[in-house]
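Peer 1: In case you want the letters, here they are:
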Amino acid sequence: EADIYQTPRYLVIGTGKKITLECSQTMGHDKMYWYQQDPGMELHLIHYSYGVNSTEKGDLSSESTVSRIRTEHFPLTLESARPSHTSQYLCASSHYEQYFGPGTRLTVT
Amino acid sequence: ELKVEQNPLFLSMQEGKNYTIYCNYSTTSDRLYWYRQDPGKSLESLFVLLSNGAVKQEGRLMASLDTKARLSTLHITAAVHDLSATYFCAVWNSGNTPLVFGKGTRLSVIA
Numbered sequence: 796e797a798d799i800y801q802t803p804r805y806l807v808i809g810t811g812k813k814i815t816l817e818c819s820q821t822m823g824h825d826k827m828y829w830y831q832q833d834p835g836m837e838l839h840l841i842h843y844s845y846g847v848n849s850t851e852k853g854d855l856s857s858e859s860t861v862s863r864i865r866t867e868h869f870p871l872t873l874e875s876a877r878p879s880h881t882s883q884y885l886c887a888s889s890h891y892e893q894y895f896g897p898g899t900r901l902t903v904t
Numbered sequence: 008e009l010k011v012e013q014n015p016l017f018l019s020m021q022e023g024k025n026y027t028i029y030c031n032y033s034t035t036s037d038r039l040y041w042y043r044q045d046p047g048k049s050l051e052s053l054f055v056l057l058s059n060g061a062v063k064q065e066g067r068l069m070a071s072l073d074t075k076a077r078l079s080t081l082h083i084t085a086a087v088h089d090l091s092a093t094y095f096c097a098v099w100n101s102g103n104t105p106l107v108f109g110k111g112t113r114l115s116v117i118a
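Chain order of the listed sequences is A and B.
Everything in the first sequence is counted per the working numbering, starting at 796 for the first residue and increasing by one.
Everything in the second sequence is counted per the working numbering, starting at 8 for the first residue and increasing by one.
Just so you know, these hints were derived from the structure itself, not from any lab.
All C-beta atoms in this analysis are idealised placements derived from N, C-alpha and C, irrespective of residue type, glycine included.
Careful, some of the hints might be misleading.
Said to hold, decoys possible - Just a few of them, taken from the derived set where beta-carbon distance is under 8 Å, the chain A residues facing chain B:
#1 Tyr-800
#2 Tyr-805
#3 Asp-825
#4 Gly-835
#5 Leu-838
#6 Tyr-843
#7 Tyr-845
#8 Pro-870
#9 Glu-874
#10 Gln-893
#11 Gly-898
Said to hold, decoys possible - Distance condition first, Cα-Cα at most 25 Å in a straight line; then the derived DSS-like pairs of lysine-lysine:
#12 B/Lys-110 x A/Lys-826
#13 A/Lys-852 x B/Lys-110
#14 B/Lys-48 x B/Lys-110
#15 B/Lys-24 x B/Lys-75
#16 A/Lys-826 x A/Lys-852
#17 B/Lys-10 x B/Lys-24
#18 B/Lys-10 x B/Lys-63
#19 B/Lys-75 x B/Lys-10
#20 B/Lys-10 x A/Lys-826
#21 B/Lys-110 x B/Lys-24
#22 A/Lys-826 x B/Lys-48
#23 B/Lys-75 x B/Lys-110
#24 B/Lys-10 x B/Lys-110
#25 B/Lys-63 x B/Lys-110
#26 A/Lys-852 x B/Lys-10
Please construct the entire structure, taking both the sequences and the accompanying hints into account.
Peer 2: Next comes the structure, spelled out in structure tokens:
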């Protein structure tokens, strides 16, 4: 069973606030990913990392930033939340197989 | 550039019927994954297919991989309501690049 955690699970926040979505995994995976997904829709890769101090932007342009200071931790930050950021954010990690965290459902009012 | 196409994107099927979901991809790969997602939930790994001709079965679901045809199928046998979900295939791209996901097939099993 995959051990990948995301907090918070649900977040409602006002426009302009800074938020950080947390993602941690205990499997020692070097590769970690952030996806954005609207309900019932396709996944969009927004950031990924293949190791400490390594981060790349994904296919979908995003106003978020990420950091990878520790192998197990891959937080995503929005400096100024907007209603267009309302979505579900899924974190994943992989060695050969990719495992997903439970997701954070973000609503920006 | 690797592209992954699933079809159909929407599927409504009756309980007890059989159906197949297709996943085509555009460049060579010998590693393919199937995931299930329930509404409002995250993705759950169903199958990992690692070689040409690989076939895996779990309950009413069977997945296969034909790397020569660049095609994977997810076959549903005697569908039940509990199988209603969105199914994604994902293909490993060569080198050190992320998985490429299909757009998903939203399956609804009705009585």
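Peer 1: For each hint, tell me whether it holds in the structure or not.
Peer 2: How the hints compare with the structure:
no.	hint	result
1	Tyr-800	violated (11 Å)
2	Tyr-805	violated (11 Å)
3	Asp-825	violated (10 Å)
4	Gly-835	holds (6 Å)
5	Leu-838	holds (5 Å)
6	Tyr-843	holds (5 Å)
7	Tyr-845	holds (6 Å)
8	Pro-870	violated (18 Å)
9	Glu-874	violated (24 Å)
10	Gln-893	holds (6 Å)
11	Gly-898	holds (5 Å)
12	B/Lys-110 x A/Lys-826	holds (22 Å)
13	A/Lys-852 x B/Lys-110	holds (20 Å)
14	B/Lys-48 x B/Lys-110	holds (16 Å)
15	B/Lys-24 x B/Lys-75	violated (29 Å)
16	A/Lys-826 x A/Lys-852	holds (14 Å)
17	B/Lys-10 x B/Lys-24	violated (30 Å)
18	B/Lys-10 x B/Lys-63	holds (23 Å)
19	B/Lys-75 x B/Lys-10	holds (16 Å)
20	B/Lys-10 x A/Lys-826	holds (21 Å)
21	B/Lys-110 x B/Lys-24	holds (24 Å)
22	A/Lys-826 x B/Lys-48	holds (22 Å)
23	B/Lys-75 x B/Lys-110	holds (22 Å)
24	B/Lys-10 x B/Lys-110	holds (11 Å)
25	B/Lys-63 x B/Lys-110	holds (22 Å)
26	A/Lys-852 x B/Lys-10	holds (18 Å)
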